Amino acid sequence: MIKIATALLATTLATSILMADSIVLVKKTDRDVTKLTPESKAWEHVKATTVHLYPQSAITLNDKRANAINRGAKAKEAKVKAIHDDKNIAFLIEWSDGTRSVQRGYKSDEYADGFAVQFPVEYKNPEKLPYIGMGSDDRPVIIHLQKAIEEVYEPNGNGDVSMQQNVLSKNVFGKEAAEYARRVGALAVRDYQRSFVSEGFRSMTEIKDGSEKFYADMEYDANGWRGTLIRPIKDEYLSLKGVFPVAFAIWDGEKLNRDGQKLLSGWIAVKFSDYKGKDELVTVLTAAAKGDVVHGRELIEQNGCTGCHQISGLSGPNYAAPGLDNVGGYSTAAYLRESIVDPNAVVVPGYNRNAHPNTPWYNVVDGIRQSTMPPYPLDEKSLDDMVAYLKTLKSEAK
Amino acid sequence: MSKRQLAMVMDLNKCIGCQTCTVACKTQWTNRNGREYMYWNNVETYPGTGYPKNWMELGGGFDAAGDLQAGVVPNIEADYGVPWDYNHDELQFGAQFRPNIEPTWGPNWDEDEGAGEFPNDNYFFYIPRICNHCSNPGCLSACPRDAIFKRDQDGVVLVDLDRCQGYRYCIAGCPYKKIYFNPKISKSEKCILCFPRVEKGLPPACAQQCVGRIRFVGFLDDEEGQVYKLVHKYKVALPLRSDYGTQPNVYYVPPTEAPPKFDAEGRVIEGSSRVPMEELEKLFGKEVHRAMKTLRKEMKKRKDTGESELMDILIAYRHSDMFRLDGEYYKDIAKKQGISLAPVDNRYIQGKNSVNKFKFKVVEYD
Chain S
1 MIKIATALLA TTLATSILMA DSIVLVKKTD RDVTKLTPES KAWEHVKATT VHLYPQSAIT
61 LNDKRANAIN RGAKAKEAKV KAIHDDKNIA FLIEWSDGTR SVQRGYKSDE YADGFAVQFP
121 VEYKNPEKLP YIGMGSDDRP VIIHLQKAIE EVYEPNGNGD VSMQQNVLSK NVFGKEAAEY
181 ARRVGALAVR DYQRSFVSEG FRSMTEIKDG SEKFYADMEY DANGWRGTLI RPIKDEYLSL
241 KGVFPVAFAI WDGEKLNRDG QKLLSGWIAV KFSDYKGKDE LVTVLTAAAK GDVVHGRELI
301 EQNGCTGCHQ ISGLSGPNYA APGLDNVGGY STAAYLRESI VDPNAVVVPG YNRNAHPNTP
361 WYNVVDGIRQ STMPPYPLDE KSLDDMVAYL KTLKSEAK
Chain U
1 MSKRQLAMVM DLNKCIGCQT CTVACKTQWT NRNGREYMYW NNVETYPGTG YPKNWMELGG
61 GFDAAGDLQA GVVPNIEADY GVPWDYNHDE LQFGAQFRPN IEPTWGPNWD EDEGAGEFPN
121 DNYFFYIPRI CNHCSNPGCL SACPRDAIFK RDQDGVVLVD LDRCQGYRYC IAGCPYKKIY
181 FNPKISKSEK CILCFPRVEK GLPPACAQQC VGRIRFVGFL DDEEGQVYKL VHKYKVALPL
241 RSDYGTQPNV YYVPPTEAPP KFDAEGRVIE GSSRVPMEEL EKLFGKEVHR AMKTLRKEMK
301 KRKDTGESEL MDILIAYRHS DMFRLDGEYY KDIAKKQGIS LAPVDNRYIQ GKNSVNKFKF
361 KVVEYD
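One line per chain: the protein sequences are S and U, in this order.
Residues 1 to 398, numbered by this note's numbering, are exactly what the first sequence covers, in order.
Residues 1 to 366, numbered by this note's numbering, are exactly what the second sequence covers, in order.
To be clear, the hints were calculated from the coordinates, so they are not data collected in a lab.
None of these values were measured; they are calculated from a predicted model.
Glycine included, C-beta positions come from ideal geometry on N, C-alpha and C.
A hint or two may mislead.
DMTMM-like, lysine to aspartate or glutamate: derived pairs with alpha carbons at most 20 Å apart [unchecked claim]:
1. S:K107 x U:D79
2. U:K184 x S:D191
3. U:K200 x U:D152
Per the computed footprint, the stretches of chain S lying under chain U, defined by three or more beta-carbons under 8 Å from a beta-carbon of chain U, are [claimed, not checked]:
4. 105-115
5. 350-359
Computed far set for chain S versus chain U, every beta-carbon distance over 12 Å [to be verified]:
6. T29
7. P38
8. A42
9. G72
10. K79
11. E154
12. E176
13. I233
14. L240
15. E254
16. Q261
17. T283
18. Q302
19. T306
20. Q310
21. E380
With the rest of the complex left out, here is chain S (with noise of 0.2 Å):
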């Protein structure tokens, strides 16, 4: 019996290891989630998940610096715990980094190590999810992100212009010219976390009425950062029940990164462990690829993706389609299919196309974005195969 139950262990190791992340099991806790900060010893009681976080390859932004020092960025581990309470579920990611990037004072190319958790807002079916880099269009995702930033002033915040004034322009003088100085300080913002509701990453929008509350932290110690984010299990945006999905970015100041020049993982599920009924986008997020990785790749090169798409190994042209790379490490399956089959079901506004307008990547018909891709509809097999060895497109974790 024990042995049966180890051989059993051993298939489930095996088999864990050829598929993508696993869970994160929530634990439920009689406390008050939002005490947590990333110092508390609650975290300790819990289990970590190992997530893989990929670059970002599918646009090559223009800075060239950033992308000189980013060429072949390798994949990265993190640990997630979760934890809730009745009203708020609370996040704990942990991630290596060799340096603390902080971005404070008077520089212009100084960037901030950070992170960002990723929901979308409707999660109901698990093959339909919503574009991973920050939505598409009526799959709309809710994203909390924070950032080392320090002291970061809003000057649209509450149209106080008579606060944004030099002090030479005041008329005021000694003491009454310091205090000037210090009720300007006051209204900076410490703390730079923000909320986004986006559908497609040139759609995101920072969610600033306050209606959507959240609170993140972020420390540093010699391993590399640990970041906390709670937000209520239920919102007027979000209601996160049983299982759901939930993505992660992290941000390396040190590499210039910030926006799209950063690592990222696929959706990985998230279950409340209480959760007792259907978990069908566990399978879905957590099934290993089932095609002939061989036949997969052949069937890519005979059907011409690389005539668009980079595939490092392959050739392909600058600017045409979204990069392959690490596809295979954020994408579903699920996606990667939909998109070869339907490459108008996710169409996303990307970057902006007068970037590089001999090879937009849609064209806008009556409002409505279509893919220059055209359909490939094939045959079951030849499906499975093709997102099989697309799955395999992703860099190792270093």
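With chain S's structure known, arrange chain U on it following the hints.
Chain U alone, transformed into the frame defined by chain S:
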């Protein structure tokens, strides 16, 4: 492309490098709140490093195929220069006059140095630079958040501070490096062509204050306007580094009038000019030859006959002719949009009142 386009023409023959425009802009917009190091308007010596340092070599803009080129975000100390102050307060108590930091770089660090060998063929001239409010802006194309927009009513390029997240790809994308990072608000800011003034029928502060009266401001489709005449009728005003492919809307009358060179004995070399044509070609393209021919021809015509419309324009008699703005035009737009006052910019107003679940409509730029 916007419906209409405001443009500025600067006559480089008359720029004396007095920096009054720079000061007008600075006191109006950039002496506070993280903008201290920025010069939305600067006047640089050419040849020289310019502002920021060696901006022409920092990338951005488009190649011949129309693809946005990668660029570099300049460093505040090394490339722009951090503003410094002096200890004026302490002087009455006998202190030495000294700056509060040890300056290592700043705008116009190499002012009036120029090139060539004194006194035989040394030369320089001034180039005042503001944002070019391009028809094909590199900054706008580079922004991954749709935070930069070009106004339909006059083509002014603005940063939507509500959307800007401070990524700075716009700075890398602008070949003129005329968009800046504000470290205090962690967002990008740039020359706004004094749109609140323009909407009231007033020219930008830099143009209004110019003592050399070198600046003309108006709509490019206003055929009666002097800007139109200089750019399209006489074609003597040319865009700066149009090879960057951004279709800039600030135009320059190239420096036609340069003193002659001297030979080894200090005698004037007749017919020579200190400003090398290849330098002018680099700045203004091949068109510069024809523009200078026209300028010389009209100058001669004026000398011979006393008549030349082009010379009359360049003499810059009246501000009312040099600045053809139209406050009524903006009032009409405001009225149509149901807004009582300028600014008539919807996105600026929207920024103040952004509400939850505000669904941003991505602007497709064609």
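I'd like to know which numbered hints this structure contradicts. Please list them from smallest to largest.
11 and 16
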